[in-house]
Every structure is written in C-alpha cells, then in structure tokens.
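Residue numbers (this note's numbering), protein chains in the order written: chain C, 274 to 789; chain Z, 894 to 1188; chain G, 131 to 446.
There's no promise every hint is true.
[To be verified] So, partial list: chain Z residues that the calculated Cβ filter (under 8 Å) puts toward chain G:
1) 956
2) 975
3) 979
4) 1031
5) 1033
6) 1039
7) 1067
8) 1106
9) 1109
10) 1120
11) 1157
[To be verified] Below, computed lysine-lysine pairings styled on DSS-like, alpha-carbon distance capped at 30 Å:
12) C:499 with C:523
13) Z:1147 with G:436
14) Z:1017 with G:343
15) C:750 with Z:956
16) G:341 with Z:1077
17) G:436 with G:341
18) C:537 with Z:1147
19) Z:1152 with C:537
20) Z:1077 with G:137
21) C:775 with Z:1152
22) Z:953 with Z:1086
23) Z:1017 with Z:1077
24) C:504 with C:537
25) C:622 with Z:956
26) Z:1147 with Z:956
27) Z:1147 with C:523
28) Z:1086 with C:523
29) Z:1017 with G:137
30) Z:956 with C:537
31) C:750 with C:775
32) Z:953 with C:537
33) Z:1147 with C:622
34) G:436 with G:343
35) G:343 with G:353
36) C:750 with C:523
37) Z:1086 with G:436
38) G:353 with Z:1077
39) Z:956 with C:772
40) Z:953 with G:343
Quick caveat, the hints were computed from the structure, so don't treat them as lab data.
For each residue, glycine too, the CB sits at the ideal point set by N, CA and C.
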Amino acid sequence: MVHKNMFFERKVSRMKKFLSIVLTLIMVLSVASLAAADQGSEVTVGIAGDPGNIGPFQGMGLGRIGILFTTYEMLMVKDGDSYVGCLAKNVTPVDDLTYDVEIYDYIKDQEGNPLTASDIKFCYDTAQASGNLPKLAVVDSVEVLSDYVCRFTFSALSAGQLEELLMECPIVTQAAYEASADQMATDPVSTSAFHVTSYQTGSTIVYENTGKYWQTDDALVPTTSKHNVDKITFKIIPDTVQMVNALKTKEIDISAAIDSAYIKDFMDVDGYSVTQIPDNVTKYLIFNNNVFGDINLRKAIAYGIDTEDIALFAYDGVALLAKDIGNSKYPDYVAAWDEEEYYEYDADKAQEYLTAAGVSNPTYRLMYNVSDQNTAIVSTIQSDLMDFGINIELIPYDNALFGNYKYSENSEWDLMLDEGGSSGLLTNVWKLTLDRRDQVHGKTVGYVVDDQLQSLLEAAMADNSPENMDAFHQYLKEQCYEIGLVAAVNNLAHTTIVKAAKTCFRGQILPGACEY
Amino acid sequence: MSSAVKENHVGVRNRRQGQFGQVMHRLSKNKVAMVGLVIMILLILMAVFSPWITPYDYAKTSKADRYAGPSAAHPFGCDGMGRDILSRIMYGARASLWLGLMSTLVATVIGVVIGSLVGYYGGKVDNIVMRILDIIQAIPGMLLSIAISAALGSGIGNTILALSIGGIPMTVRLLRGSILTVRKQEYIEAAEKINCSRFRVIMSHILPNSIAPVIVSVTMGIGNTILQAASLSYIGLGVQPPTPEWGAMLSEGKAMITKYPHLCIFPGLAIMVVVLCLNMLGDGLRDAMDPKLKN
Amino acid sequence: MIRYVGKRLLWMIPVMLGIAILIFSIMYICPGDPAQSLLGPSATAVELAAKREELGLNDPYIVRLGRYLYQTFIRFDLGTSYKFGTSVFSGLMERMQYTLVIALFCMALQVFVGTPLGIVAATHHNGVADRISMFLALVGVSIPAFWLALMLVLIFSVNLGWLPTSGVANGIASFILPCVANSFAGIAAQARHTRSSMLEVIRSDYIITAKAKGLSQRTVLFKHALPNALIPIITIVGNGMGMMLGGTVIIENVFAIPGVGRYMTDAITARDYPVVMGGVLVLGLIFSLIMLLVDIIYAFVDPRIKAQYEGRKGKK
C-alpha cells in the first residue's frame, strides 16, 4: 500500500525517496474480485496507435510495438529485463564478431512450413534490403552452416548489441513470405501461436490461437510467446476519452493507454484492476550549444525547472523524476545515480548561475513535438522559468516536422524537448543525440563538439561497464549539455477477466501471456 | 418583377443619401440586430482591455487550484495547471476574435469579389475560375496550411491567410449560385441597357439581391474558424501558449471532458455567444439590405 | 446541355493534372520526413538520411514530378502506401465504404430534417417556431463536433448501454452515434440557409400574387416558393457532400472509424506521400464530379440558368 500512495501522493517529492524501489516493482493495485471470468478464452485489447503494415520487415513506427510479439517471434526476445532464446536454441561465439546461432529443429510456421537456417538468412537479408531496420546494418553476413545452424558475422558489435540484433528481425519462412501477395502486410504467417484471421486496417486485428504452437516444452516458451487465450482482438481507439469509455462499457478488456487522470476511475473499483509499470522512455531537454555556450546559462535553466511540477501538471503526479536521460529500467543504468543529486529545482542556484552568466531577461525558443503531455511539460517549463525573468517562446511541431528540424544543421531552436527509449541499453539512448558519428553535420544534436564527451561515450558504448557508464554520466551531468526530466508510468487498466496483466519490456500488453 | 424594378428606382432616387447610410439606418431600427451588435462591441472591448481587467494573470499556474470547479473566487473554475479559466477566456478573446473575425472578413471579401465576377461574366471566366477553385478545394486544408507556414513562416498574418483560404471557395460558390438566378432578371438588363457601369450594376443591383446566402454562411462559419485556429498551432502557426485562445482551450480540455467538463463548457459557451451575436447581426443586415423590405 | 456536360467532363483532364502538380509541389515544399515515421523514434540521423535516399526523396523536383505523373496518368497506378504496404487505391476504396455510409446518412438527415425546419421557420417568420428552430440551429453550429460526440457516447453508450462506444464491428448500430453527431452542424446550416432563401422568396411579388389569387398555403409554398429558393440549398448540399466524402476527421477519430478522413490525415502527419497524393487525386475527381452535378441541377431547377449555359454557346 505504501507504493500505491507513492504514486498518487500529491507531494511528489516523496517519490524520489522510493524511486529505485518503485522502478523495479510491478504493482497490482486492487485484488481482483472473484467473480469467475467466463472462459477467459477471448480478450479484446484497446490500442491507441495504428500499427499500419503488420508485415515482418517494417520499421518500428508508433503502434507497431503493441502487436509485434503477438504477431511474430524472433531468434531471441527480451523477457522481462533479460534476453532469452525464442527460436534460437543456442548462441555460440566463434570470435568477437562471429556467432553461430542454432535454432530448434522442430519449428513450424502456422501453415506447417518447417523453419530452417536458410529462412533465417532469408529474413535477415530481406530485412536489411528493406532499409526499414537500419540497426541491422552491422550484420555483415548470415551464412547457412547446416539445416539448423547459421553463422552471423558482424562488422562491429558493442556490448549487449548481439541480443538486440537477434531480436530486431521477426522471423518467417521464405515459403510463406513468398506466397503472400502483399509481403504479409495484412496477413502474416509466422511461427507465433496466434494467427491473424482478420485485419481491418485502421480498426481491428483479430488473432486466433492455432492450437499447433511448435514449442511443446512449456519451460522453453518465453513470456512473449505464451498463449493463454484462444482469441485476441486488438481495437484501435485513437481518442483518449473513448478508450476510457470502451473500458467502462467493457467493449475492451484491457488497455495500456488509459490517461493517468482517468486511471483512478478503475482503481479500487469492482470489476477492474490497475497495473502500473514504469516506462524507460524519458523526456529530456537539449541545449543548443550555439546559444548556450556558457555552462552557467545551461545550469541556470537546469536548476530553474521544477520536475516535480512537470510530473504533476503533465502526468497527474504519476511519473518518475529522471537522474539521467534514462532510468533504472536499463540494465546498464548505475543504481547509485538514483541516490545522487541531479538538477533538482533550486531557485537560489538558478539565480546564481544566471547572474554568473550575465544575461538578463533573455528569450529562448523551445521546440517540441506536440502532444497533450509535451504541451503541459513545456508550459510548466515556461511558467517555472518566468520566475527568473527567462522568457520561453514555444515552437510546437507535429511529429513529421519535429523529426525534420531535430537533426537539421540550421537550428531554429535554442532548447529542445525530446524523448528517448530503447529496447536495449542506456547507451543507445545517449547515442541518439550525443554521438557525433550519428549526425549528418558531425556535431551532437545540440551542436556540441566536445572530444572528451565523444571519447567517454565511445568507452561506455564499448563495454557498458559501471565505471565507464558512470564516467560518461558524471561528465554529461557536469557539462549539462542535456538534462533528463521525467519518465512516464504506463497505466494498464483491465477488467477482472484478466487476472494478471503481462507486458513486454516496452510496457505494451502481451495478451497471450496475461493470466485469465 | 415589376416591383423589383420599382424598388430599383427608389434606390436610384435615394442615391445621394448613400446606399450604405440607408442600410445602416434600417439596421439601427432592428432591435435584435442591435442587441447582437452591442454584445459584440462589449466582447471586443473586453478583448482590448483584457490585460487590465482580468481578475488573475492568465498564465499564473497554481498547484492548489488544479481542475478546481467554478467557485466565487474562480467563477469559471481552473484548468489542469490551476490557471483561472475566466481570465483565460477574457484574454483569449483577443486572439480568437481577431483571428476569427479577420480571417472570415478576408475570406468573405475575396470570395465576394471573385464570386460576383464569375457570376456576372459567366462563360469562360466562370469556367476557368471555377476549375481553379476545384483544384484548390481538392487540397486538404491542413496541407495548405503547412505549405503556407513552410513557405511564408509563422506569424499572425499567415495564420489569417491559412484560415481564410478554406472559406473562399464556399463563398464564391454560394454567391455565384445566387447571381446566376438574378443576373438574367429584367431589372439587371434594364440597368445594363441604361448604360450603368458594370461596377455599378454589380454593386447596387446584383450584390444586394444575392448576398443573403453569403451572410448566413459567414455568420454561421465564424465558430468553426475559431475552432480551426487551434489546429494550426501544431504546425507552428496560430497562437502559442501561454497566450490563451478559445479553440486551444477547448482542445486542451477535450481529454478531461467527462471528468472536468467546465474546462470545455466555458470556452465553448464563449464561442457560442459570438456565433449567436453575429447571426443576430447578420439577420438584421440581410433584412436591411433587402430592397423589398424597404418600407 | 449535353455539349455543356461533355465540355465540363473534358475539362476534368486539365483539372486532374492541375491537382496532381499542385499537390505534388505542396508535398515537395512541405517540410517533414516520411523516413522518421517509418523507422520510428530510435532511428539515428544517419539512418534516416539513408532511408530518404532509398525512397528517392533526394532526387530533383522535376525528376520526381515526372516519375509521379508518369506513374499516375500513364500507368494509372496510385502507388503503395509507405505505412500500410498496400495499394493506395484499394486502401481508399476500403475506407470509402464507411465514409460513404456516414456521408449519405448525414446528408439525408441534413436535407430531410434541416430543410423542413428552415421552411417552418420562414413561414412563421419571427414567430415562436422561428425563434426556437433558429436557436437550435445556432446551438448546432456552435457546439464542437467532438463535444457532442462524446456527450452522446456518455449518454447512450456508457450510461444506457444501448450503442457501442466506438468501432465499426456492430453493423448499423456502430454508425448511429457518429452520424447523429456529425450531422448536427449540417442540419443547422441547412435550416438557416433554407429559412434565409425562403424568406427572400416569400417576400417577392409573384408569391404575393399567388397568395392573392387564393392559392392554398401548401401550393404556394411547394409549387412556387420552394423551387425558387433551392439554389443556395443545392450549393450547400453539394459542397457538404463533397466535403464529407473527404471524410470527417474529428468524428472518425472519436468513434475510431477507419474512414477516408483518418486515412488522409494520418498520411499527412506521417508524410505518407503516395497516400496523400493518390487520395487528393481521387477525392478531387469525386469533388469535381459533384460540382458538375450541382451545376446540372441548377440548370434543371432554374430554366434561366440553363439558358445561360446554352446561351453562351449560341452567342459565341
């Protein structure tokens, strides 16, 4: 109960104290009322994002993650916080950049085609050629050694990257893929226990349990491949209020997209229960170094923003305050950071640094990607900084425009609100905006050219050891090029048909794995 | 048709007094229209003086007042950041009224000019202009707005441009439709025969007899325009927070509509009052311009 | 008249070409990146640049335009959606069925409820009936569609449980709330316009004459007044129909209906170029056809307009 109060405590400050505990906890807040659920053989899931093309070799657009693990299996998957084999039985290192992957020899897809090593090669080659899964660019070649063993050769590999790459590409048989008229865009045939029986684009996707899942040894079935239900219907409901209404009328049984303001409607209410899972996607603020060349100025802003206000105004208090641009959901996150001081709101320090920087009444342009949450976040920042005479002019853009200006050489912005998350390591998130090698213009996204930053980042990426991670973290914090703000908590609300909700590492529902 | 011709003579006789003066005189006798006008003027005054008369600072957040319902201290309640909704509506009238009225005005003026030309001249002009309108109308408004913002940049002028473009084709089509029915009537031919200039024919004979549908559609459309202004903020046009604006207040309150309905109700009411007043005024204006109701 | 229609149909070729070039140019100058929404937020700048190159987005304007026009007008292929991986044309048609149902139903409501309301208001000018129906009409145009939609859901779905909250899975029941919510503003506009043009006509001499002849109120109203008041009403209906076939984004979003509006707006947001350009062309064609139909109906309703269409030809 302590933890329940935690989340809904208006005094968010208490959250910090419990931060590290909470991050690893999954909470079921109300005990399901014991009304026996009828059958439990059917479940309807409400999702907000439209998955679009559900073919195997598509980019990770918004909406896709919601259906990914129900539709496909991969060589390895992330089960909870660690990677486990799914199709892969063994992964044997040959040398640093070469690995032999052995798959089970009795895998069959939904149409009965046996899955062999040549299908693995086919999938990786096709995915690479599609350009939709750019992370696969480091896969030099996939060689078929025998019916069930392939040899992966990589051009470069950082710590933890192997597992990510083996999860990146959904696997299907070549026979089934080539038999599909639309490259499985609407009618995939995979090795998953669930087969798509109808896909009405933009509206519903229905999956049925084939009853012929290949993996007969239950101990070897990862959470993502579990199949505790006979029929799964995904309903696409873009409107926040309507998602709530659909759950209230029980048109859907479970949703991970209930707005935090409404989550209380399902908490401690008969017939419903709520599960809250912290997300690793963290909001952070990037300084444009051309404008914020003075470190005092950056720190003035950092201390002037009250992240507790942000958590309250943008997330109804249900959010985690960040200590980096990621949180302890990442395996390479150093737990000790949670105990350290970060840029907690401090009016005196903010004023001090501002005076040191010698600017008065400046106006800065803050660019952000429009969403209800982001609008509330930037409004809070604006209102907080107003107290120090700092004016913030907002530049909102929709997703496509934001993406366009974010990496552009000519900065239209002085401050940028961005967000980052990864299926793998925290270094992946750092790298997105801070690795100069990833930018067309050769600077960081915030136009920083700092060789020490770059070398510390490369060291951290090479082995993700706590020492190297900490070195980079401390340097970034000290230099204040970017500051983490908050991470959301995924709110899962469900009817009591669902006895226990299970999610993937991204906080998306795994309807096959839920208990009914 | 004889009466129309006769009225027309009346119009010619009173020319010295000015058609505009006559219309205004008749309008001033219409009580309903005057009520609409007075409320509109009050709203505009409220907008102009809002920086000095709002009870609270429109941007002042307050943790304690989040989602507070209407009370003596905050008659319209507070929003999700604890900002006073009454103050935000008062201040928001500046952006909303300015954008709404100006873009409607721009759209109407351009629409009426094009509409009367194509309606009057017909033939090739009509065909070519209407086909161009077909082309423009096929392009989604959202895209046009993005293109405007990309090509011309942000700013209030471009926002008005983006908002008004959508209204032009409808005005043209409505006006053209009614002119088609009037332009072959005897009094128009008569006016042409006595060598009235084209301009005069259009201004004093054709427009007054065909403008009614445009007035109706303009006064009805204003609410929609105010709402649309909110959707432009996504592409960098429109008004940015913390400056309040009615359409944006409504869309911000949308997610909370079942929990805290006051977030939507009050800005919604504000828009409704404007639409109502303009319609009362528009009705009066139409009656005042109708030559058949002269006496 | 037939020559007029034929000529107008021929005109559609340059209009379509114009739409294609205009929409292509707009998409060309519109900033925004399809690669971003295809690869998702975890793609790096370099990866995005590679995807853009692959999509052919870095080619010069004239090359891309040529390619697009060739594909569209010579091969009659609208392309494949970036996001859905399926043909744009079939995607549009699949979604058009829902949009069509809503559009037709709403238009029917608008015409058969709005028009009588307007006539009643006009014949009781300044009376109680007039005031009530006009007040309703004003409320109708000022209520935002999403507000009405969500209120209807709250009453009829959440509280009464009669109708589904969203989706299209329940047949006709799925469409009742969206249609009612969507048609409210249309009904209001229709009533206002009908009233306004009826008032105009009722005051004219020939109606006074007809009344003076002792014709019944009914005959005067439906035989003499209504036909002469029809022009603005037809314009409104035609325009409304054209707009509605383009889909109503707000309603489709609230009710999770996979209609044309959401298809197009999502495509605009994601810069799914084939869908945007293909969709605009198809909708533009439909719109032009409706406008042609409107002009033809004008001619049938008002012989003077017909004379103008044909007269022009005679003179020149």
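Quick rundown of the hints versus the structure:
Restraint check, residue 956 of chain Z versus chain G: the minimum CB separation of about 28 Å is more than 8 Å; hint violated. Interface restraint check: residue 975 of chain Z against chain G, minimum CB-CB distance 23 Å, threshold 8 Å, status violated. A least Cβ separation of about 19 Å between residue 979 of chain Z and chain G goes past the 8 Å threshold, and the interface hint is therefore violated. Hint status for residue 1031 of chain Z: holds, given a least beta-carbon distance of 3 Å to chain G, under 8 Å.
Nearest Cβ of chain G to the Cβ of residue 1033 of chain Z: about 6 Å, under the 8 Å cut. The hint holds. Interface restraint check for residue 1039 of chain Z: the shortest CB-CB distance to chain G comes to about 5 Å, inside 8 Å, so the restraint holds. A least Cβ separation of about 5 Å between residue 1067 of chain Z and chain G falls short of the 8 Å threshold, and the interface hint therefore holds. The criterion of a C-beta within 8 Å of any C-beta in chain G is met by residue 1106 of chain Z, whose closest approach is roughly 4 Å, and the hint holds.
Taking 8 Å as the C-beta contact cut-off toward chain G, the hint placing residue 1109 of chain Z at the interface holds, the least distance being around 5 Å. At a threshold of 8 Å, the smallest CB-CB gap from residue 1120 of chain Z to chain G is about 6 Å, leaving the interface hint in force. For the restraint placing residue 1157 of chain Z at the interface with chain G, the shortest Cβ-Cβ distance is roughly 6 Å, inside the 8 Å limit, so the hint holds. A hinted pair counts as satisfied when its Cα atoms are at most 30 Å apart, and residue 499 of chain C with residue 523 of chain C qualifies at roughly 24 Å.
Between the alpha carbons of residue 1147 of chain Z and residue 436 of chain G the distance comes to roughly 48 Å, so the proposed pair goes past 30 Å and is violated. About 42 Å separates the Cα atoms of residue 1017 of chain Z and residue 343 of chain G, which puts this hinted pair outside 30 Å; it is violated. Using a Cα cut-off of 30 Å, the hinted pair residue 750 of chain C and residue 956 of chain Z holds, with the two alpha carbons roughly 29 Å apart. Our distance criterion of 30 Å between C-alpha atoms is met by residue 341 of chain G and residue 1077 of chain Z, whose separation comes to about 25 Å.
Of the supplied pair hints, the one linking residue 436 of chain G and residue 341 of chain G holds, its CA atoms being roughly 28 Å apart against a limit of 30 Å. Distance restraint check for residue 537 of chain C and residue 1147 of chain Z: the Cα-Cα separation of roughly 18 Å lies within the 30 Å cut-off, and the hinted pair is therefore satisfied. Annotation: proposed proximity of residue 1152 of chain Z to residue 537 of chain C holds, straight-line Cα distance about 11 Å (limit 30 Å). A threshold of 30 Å between alpha carbons decides the hint, and for residue 1077 of chain Z with residue 137 of chain G the separation of about 23 Å falls inside it, so the pair holds.
About 28 Å separates the Cα atoms of residue 775 of chain C and residue 1152 of chain Z, which keeps this hinted pair within 30 Å; it holds. With a C-alpha separation of about 67 Å, the suggested pairing of residue 953 of chain Z with residue 1086 of chain Z is violated against the 30 Å cut-off. The straight-line distance between the Cα atoms of residue 1017 of chain Z and residue 1077 of chain Z is roughly 17 Å, inside the 30 Å bound, and the hint therefore holds. Between residue 504 of chain C and residue 537 of chain C, the direct Cα distance comes to roughly 29 Å. Compliance with the 30 Å bound is thereby established for this hinted pair.
Restraint check for residue 622 of chain C and residue 956 of chain Z: the C-alpha separation of about 23 Å stays at or below 30 Å, so the hint holds. The straight-line distance between the Cα atoms of residue 1147 of chain Z and residue 956 of chain Z is roughly 20 Å, inside the 30 Å bound, and the hint therefore holds. Distance check on the hinted pair: residue 1147 of chain Z and residue 523 of chain C sit about 22 Å apart at the alpha-carbon level, within 30 Å; holds. Using a Cα cut-off of 30 Å, the hinted pair residue 1086 of chain Z and residue 523 of chain C is violated, with the two alpha carbons roughly 74 Å apart.
A distance of roughly 12 Å separates the Cα atoms of residue 1017 of chain Z and residue 137 of chain G; the hinted pair therefore holds under the 30 Å criterion. Proposed proximity of residue 956 of chain Z and residue 537 of chain C is supported: the alpha carbons are some 19 Å apart, at most 30 Å. Between residue 750 of chain C and residue 775 of chain C the alpha-carbon distance is near 35 Å, which puts this suggested pair outside the 30 Å criterion. As the CA atoms of residue 953 of chain Z and residue 537 of chain C are separated by approximately 27 Å, the hinted pair is consistent with the 30 Å bound.
A hinted pair counts as satisfied when its Cα atoms are at most 30 Å apart, and residue 1147 of chain Z with residue 622 of chain C does not qualify at roughly 38 Å. For the proposed pair residue 436 of chain G and residue 343 of chain G, the alpha carbon gap of about 29 Å is at most 30 Å, so the pair holds. Proposed proximity of residue 343 of chain G and residue 353 of chain G is supported: the alpha carbons are some 14 Å apart, at most 30 Å. Between residue 750 of chain C and residue 523 of chain C the CA atoms are separated by roughly 47 Å; this puts the pair beyond 30 Å, and the hint is violated.
A C-alpha spacing of about 23 Å is found between residue 1086 of chain Z and residue 436 of chain G, which places the hinted pair at or below 30 Å, so the restraint holds. For the suggested pair residue 353 of chain G and residue 1077 of chain Z, the alpha carbons sit about 21 Å apart, so the restraint of at most 30 Å is met. Among the hinted pairs, residue 956 of chain Z with residue 772 of chain C is inconsistent with the structure: their alpha-carbon atoms are about 36 Å apart, more than 30 Å. Between residue 953 of chain Z and residue 343 of chain G the alpha-carbon distance is near 70 Å, which puts this suggested pair outside the 30 Å criterion.
Checked against the numbered hints given earlier, this structure breaks hints 1, 2, 3, 13, 14, 22, 28, 31, 33, 36, 39 and 40; the rest are met.
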